[in-house]
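*Asks:* First to last, the protein sequences are chains A and B.
For the first sequence, this note's numbering assigns the number 1 to the initial residue and increments by one for each residue that follows.
For the second sequence, this note's numbering assigns the number 1 to the initial residue and increments by one for each residue that follows.
Careful: at least some of the hints might be erroneous.
Claimed, not checked - The calculated label-pair distances, taken between Cβ atoms and stated as ranges, are:
| hint | chain 1 | residue 1 | chain 2 | residue 2 | range |
| --- | --- | --- | --- | --- | --- |
| 1 | B | Leu7 | A | Leu598 | 24 to 32 Å |
| 2 | A | Thr603 | B | Tyr8 | 21 to 29 Å |
| 3 | A | Val587 | B | Glu71 | 41 to 49 Å |
| 4 | B | Asn52 | A | Ala583 | 23 to 31 Å |
| 5 | B | Ser95 | A | Ala583 | 53 to 61 Å |
Claimed, not checked - Partner residues aside, some chain B positions facing chain A, computed with beta carbon under 7 Å:
| hint | residue |
| --- | --- |
| 6 | Ala18 |
| 7 | Val21 |
| 8 | Ser88 |
| 9 | Val91 |
What the hints contain is simulated information worked out from the structure, not anything from laboratory work.
Glycine included, every Cβ here is placed at the ideal spot set by N, Cα and C.
Residues per chain, in single letters:
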Amino acid sequence: MTSNSLVYLIALPLFGSAVLLLAGRRSDRWGHILATVLSGSAFVVGLVQFAQMLGRSNDQRAVTQKLFSWISVGTFKVDASLMLDQLSICFVLLITGVGTLIHIYSIAYMSHDLDRRRFFAYLNLFIAAMLLLVLGDSYLNLYVGWEGVGLASYLLIGFWNQKPAYATAAKKAFVANRVGDLGLSLAIMISFATMGTVSFAGVKEQAGHASTGALTAIGIMLLIAATGKSAQFPLQAWLGDAMAGPTPVSALIHAATMVTAGVYLITRSNFIFDAAPTAQLLVAIIGAITLLFGAIIGTAKDDIKKALAASTMSQIGYMVLGAGLGPAGYAFAIMHLLTHGFFKAGMFLGAGSVMHGMDDEVNMRRYGGLRKFMPITFATFGLGYLAIIGVPPFAGFYSKDKIIEVAFNAGGIKGITLGGAALLGAAITAFYMTRVVILTFAGSKRWDDKAHPHESPALMWLPMVLLAVGSVTSGIIFTHGNSLQNWLAPVVATSPAHEGELLKPAVVSILALVLVLAGVGLAIMKYLRKPVPSEAPTDVSIFTRIARRDLLQDDFNEAVFMRPGQKLTEVLVATDELLVDGAVRGVAHITQSTGRTLGMTQTGFVRSYAMWILLGAIGLLATIWVVTL
Amino acid sequence: MNAANYLYVSALLFSIGAIGVVVRRNAIVVFMCIELMLNASNLAFVTFARINGNLDGQVIAFFTMVVAACEVVVGLAIIVTIYRSRRSASVDDASLLKR
Numbered sequence: 001m002t003s004n005s006l007v008y009l010i011a012l013p014l015f016g017s018a019v020l021l022l023a024g025r026r027s028d029r030w031g032h033i034l035a036t037v038l039s040g041s042a043f044v045v046g047l048v049q050f051a052q053m054l055g056r057s058n059d060q061r062a063v064t065q066k067l068f069s070w071i072s073v074g075t076f077k078v079d080a081s082l083m084l085d086q087l088s089i090c091f092v093l094l095i096t097g098v099g100t101l102i103h104i105y106s107i108a109y110m111s112h113d114l115d116r117r118r119f120f121a122y123l124n125l126f127i128a129a130m131l132l133l134v135l136g137d138s139y140l141n142l143y144v145g146w147e148g149v150g151l152a153s154y155l156l157i158g159f160w161n162q163k164p165a166y167a168t169a170a171k172k173a174f175v176a177n178r179v180g181d182l183g184l185s186l187a188i189m190i191s192f193a194t195m196g197t198v199s200f201a202g203v204k205e206q207a208g209h210a211s212t213g214a215l216t217a218i219g220i221m222l223l224i225a226a227t228g229k230s231a232q233f234p235l236q237a238w239l240g241d242a243m244a245g246p247t248p249v250s251a252l253i254h255a256a257t258m259v260t261a262g263v264y265l266i267t268r269s270n271f272i273f274d275a276a277p278t279a280q281l282l283v284a285i286i287g288a289i290t291l292l293f294g295a296i297i298g299t300a301k302d303d304i305k306k307a308l309a310a311s312t313m314s315q316i317g318y319m320v321l322g323a324g325l326g327p328a329g330y331a332f333a334i335m336h337l338l339t340h341g342f343f344k345a346g347m348f349l350g351a352g353s354v355m356h357g358m359d360d361e362v363n364m365r366r367y368g369g370l371r372k373f374m375p376i377t378f379a380t381f382g383l384g385y386l387a388i389i390g391v392p393p394f395a396g397f398y399s400k401d402k403i404i405e406v407a408f409n410a411g412g413i414k415g416i417t418l419g420g421a422a423l424l425g426a427a428i429t430a431f432y433m434t435r436v437v438i439l440t441f442a443g444s445k446r447w448d449d450k451a452h453p454h455e456s457p458a459l460m461w462l463p464m465v466l467l468a469v470g471s472v473t474s475g476i477i478f479t480h481g482n483s484l485q486n487w488l489a490p491v492v493a494t495s496p497a498h499e500g501e502l503l504k505p506a507v508v509s510i511l512a513l514v515l516v517l518a519g520v521g522l523a524i525m526k527y528l529r530k531p532v533p534s535e536a537p538t539d540v541s542i543f544t545r546i547a548r549r550d551l552l553q554d555d556f557n558e559a560v561f562m563r564p565g566q567k568l569t570e571v572l573v574a575t576d577e578l579l580v581d582g583a584v585r586g587v588a589h590i591t592q593s594t595g596r597t598l599g600m601t602q603t604g605f606v607r608s609y610a611m612w613i614l615l616g617a618i619g620l621l622a623t624i625w626v627v628t629l
Numbered sequence: 001m002n003a004a005n006y007l008y009v010s011a012l013l014f015s016i017g018a019i020g021v022v023v024r025r026n027a028i029v030v031f032m033c034i035e036l037m038l039n040a041s042n043l044a045f046v047t048f049a050r051i052n053g054n055l056d057g058q059v060i061a062f063f064t065m066v067v068a069a070c071e072v073v074v075g076l077a078i079i080v081t082i083y084r085s086r087r088s089a090s091v092d093d094a095s096l097l098k099r
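The shape of chain B in the complex, shown without the other chains (with noise of 0.2 Å):
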């Protein structure tokens, strides 16, 4: 199989994140496309492994992913906090920093 549609997935996966991110409000949901496009960018590392013939691009995905599991624990935990303040999971009504 073609290496190179591996890397059309991930190029799809990562702008269906990204727009995620753009377009919708709901914090979760933004944090999911994070998430969407972190792996995006994981199997992208992969496959260039794969092409290149070392490891050097799954040790990258490795290093990835423990940082997206940091990064989810510290974003539920704030978004977990907002939503008890706030009642809203909104990404639009946290904007206090502009006021």
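So here's chain A without its partners, still in its complex pose (with noise of 0.2 Å):
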């Protein structure tokens, strides 16, 4: 099947972007009303789409458009072309969904800032590059979306770049993911040079011929490419520094759509990692670390868009892992994605109109009983908390649960670390959730008197609430009669082929459950029976100053790579001036010092010069004779 309007989903907000920034201070007045009826409008197309899609056959729905030939070198073809799948439209929706109502909630979030035109434009640019992304019908193409949302966030990053720590942020998140493109860019390379082709489909047929070496590097390097984009170990330092960012860009960029970006690169290679069990293990056991990595950094963070952030990390890693699980975890690992899209944007949302209320505050510890002043905004964070501690029946009791129970049933010792190492985090997130919003609106008041907190705007609270609705709700759609792993079947291959089924979905539940409400209890013990002081304790365990400094990711890359780099570039550089500008230099000197000296023979006076030419001549002639003799 071909379309023709695939292409107005990218085009319409690259409209956007390009004419707001052209335009410039012009478009202050109208540009993000521009830009958010672009990103709406992207929106309806992918509706339509998805209508259209729906009145299809299952295997008759994915469309392509073919744009250009983009390279034609000897047998080696790209077209730049899209194609819109049942994988590719959950993306479409989710990101152009969340995108407009995240564009709505900006336009009041940012409407003291003289810049606002600007963030627009940003925002539209990273629609575009993100909707490449997931449309690109081949890893090149996917490659151009994937450089294009990396260059998104890290404008949106240092939106505030007059701030120096924020310049440094964006900076370090743009050096971060270019660890992780050049895996991408090698996993690409690898598969030209083993099958000749680079587009999803031609890799599909050939990896079935592919050496198992092959595939294993190009899994790795995949695996690679998705630890940057999304943040997960070793790769994973930069997303906290990433809250940075206005927090709307944190919502969009750094919780609902731009990290998973690496979730939807394994889940698309399900081919390939199908075929390398060795990348597939690691890239299961890359998403059980990061996810207790992340959760246990959530505990310790007072930045309430940090502690965020540390749950994004640790909720990707539940989808990495679930991607990692094979055919039995990708629709899992694509439903938790998508559940997540609602609530952890919508919490981020939520703490936008905290911080919008109290002038910008992001410590926790300042917050305290919120909830009187801020009602709509507890009341959608709350759900937004319901759903990420998986009680039911909000959304994600539904997706968690089904990646602890997949975990559990991958068999063996693997299944029972992976599983464990799932429950547990579910336990640690149900225990920091219950700290944020404890902290930020149970207990008594901790801020100061010139602190007027007030609920947000409509355009603030609506987006709110409708993604609310979505971390109420998506839970049951996704998972009634399985129609998320009907629909996604004809793209990842589901197969329910549980080997030896340890736990039985009830049983998972229930545990799961129990360890939620073990940790719900743990924070209300320590946060709300005692009182919470408004300055963190400074006396405090080891193991809290560790979490609260990253766990040491920063300390470990930076004695790791940072110093051992700066060494090196030092030697290079001693190395530079003494071998390379020593020997030009030395070149010079010596041929300086050669021509003063015989520039002292010249003296002016031609009677010395004629002495010259006659002691020349006499030497000639006694060479001469010399040499006859």
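Mind docking these for me? Both chains are given alone in their own frames, and the hints should help you get the complex.
*Replies:* Next up, the structure:
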């Protein structure tokens, strides 16, 4: 099937971004409206595509559109063409839907910012790049979008780049992402070298004939790419600092969409990972490590946005774990991705709303008792909270429990380890999210008298309400009759084949719920029963201190990569100065001193020149005489 | 008479001329010494022509005389001009190239 309207999905927001950036200050008054309308139009195009897709039979649903022939060298051909299938449409609706809600939210949130137009231009640029990422029909097309979202993320993290710390955070995110991007470009090169093609369809067809070694190499490179973009261990350090960007950016890019691109990449490359078990196992391990890593950091953060960022890292860990579990897990990884898109974006917008009412204070220890002042924010945040900790029937219960269940049933020690990690993560998630809610909305007030907390305007709470509705209902919709699993089946080959069913779904749910209750109970004991100091206590255990320092992720990077790198450059600079510059300067010095010495013979006196001529002639004669003797 | 004696005279004249060029300061004297060296070589040429029994050396001697005549004209003109402008015919005074 081909379609001519796919390009509008990308073209509309791209057009908006171009207009806003090129028109400059002239578009200050209407720029945000244009951007929002264009983002909304892209959503409508996506809905129309979705409706058309529903009308076709399951194996006829994918549509393609060839834009132009991009590269044509010998037998190697890459078209710039788009492909919308059952997997992409999930992302398209998430990106444009949540994206449009966040555009609407930003109109109010950024209304006092002089650069609001530039902000909307970047948002539109992001939407266009992200859509290209999920619509590209080859790894090369995906790569363009992949870099595009990296650029948009960089621009938006450093949006308030008048603060050096924020500009540094943007740079950090960009550099960490570049490391991951290297993995993606290497994966593309390996796949071209071994299979001669980079399109999804071509690689899928060739994957059966390629050697396991090549597929494992591609898989590991794709995993590195995913760890960079999705803030997974060991490239996770940038996400916390990325919270320097305006809160709507954190909600859209660093919670709902861009950071999940790694999960998309792994799920899209399912044919590679299914044929390379080593790479697939690595994916699951990385996911399990990150979900615990993020959860532990989340327990120690007092900055509401950084706590949510740690939670995002942990939740994406769940998705990556799901995607690493093979055909049994892909659909649940995507399901968790979509539900997470709703509830985490909603909670970030809630955090933005709280900051909006509290003069941009982000320290939760300076909040407290805000539910009376911000009832709508509290309600929507609370629904997102219930969804993320996995209370039935909210969205997270369905998606997260499924991943835990699939992990347990992966078989053997692998299953027990991964499942145990995921279960433990659920308990910690319950603890830190309860902590966030209690510190922010419950307890007694701890803010200065200068702050006047108030509910945000309707433009801000309306998107929050819609996202809260998604957090409540999406889980039921996706699992009702295994709808999402069946929907994705043609793309990711879902198999319910549980190797030796270890735990029944009901057992997993009960176990998870018990642990969640334990986490919630612990948080209530710790933060609701006792008064919370408005300054972070300093006489804490070494574990708390390490967790506050993000589990030493920055210290590790500094000690292992930055310092030796700095030393290396110092050595190289010294070598350059000593050897290369030394050789050049030495030649110049020798020439100069020789010239100066010889110059002393040039006295300016005619008679001395005559003397030299005479001596030369005598010397010549003497030489001839000696030679001919 | 032994032709070698003419060559000794020639060598003597040339040496006197060369030493004169190196040690004397007066431009006119230096100039005369140059003439002395030219004529010493002329003498050598002519002597060799005689020894070898052909006219090659004598022809060269005529060439040298023509060149020497030209050189005298140009050289004397330069010396006179320098003397007029600097009131000195010392070759050491005209050492402006260095400075």
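*Asks:* Just pull the numbers of the violated hints for me, sorted ascending.
*Replies:* 1, 2, 4, 5 and 8
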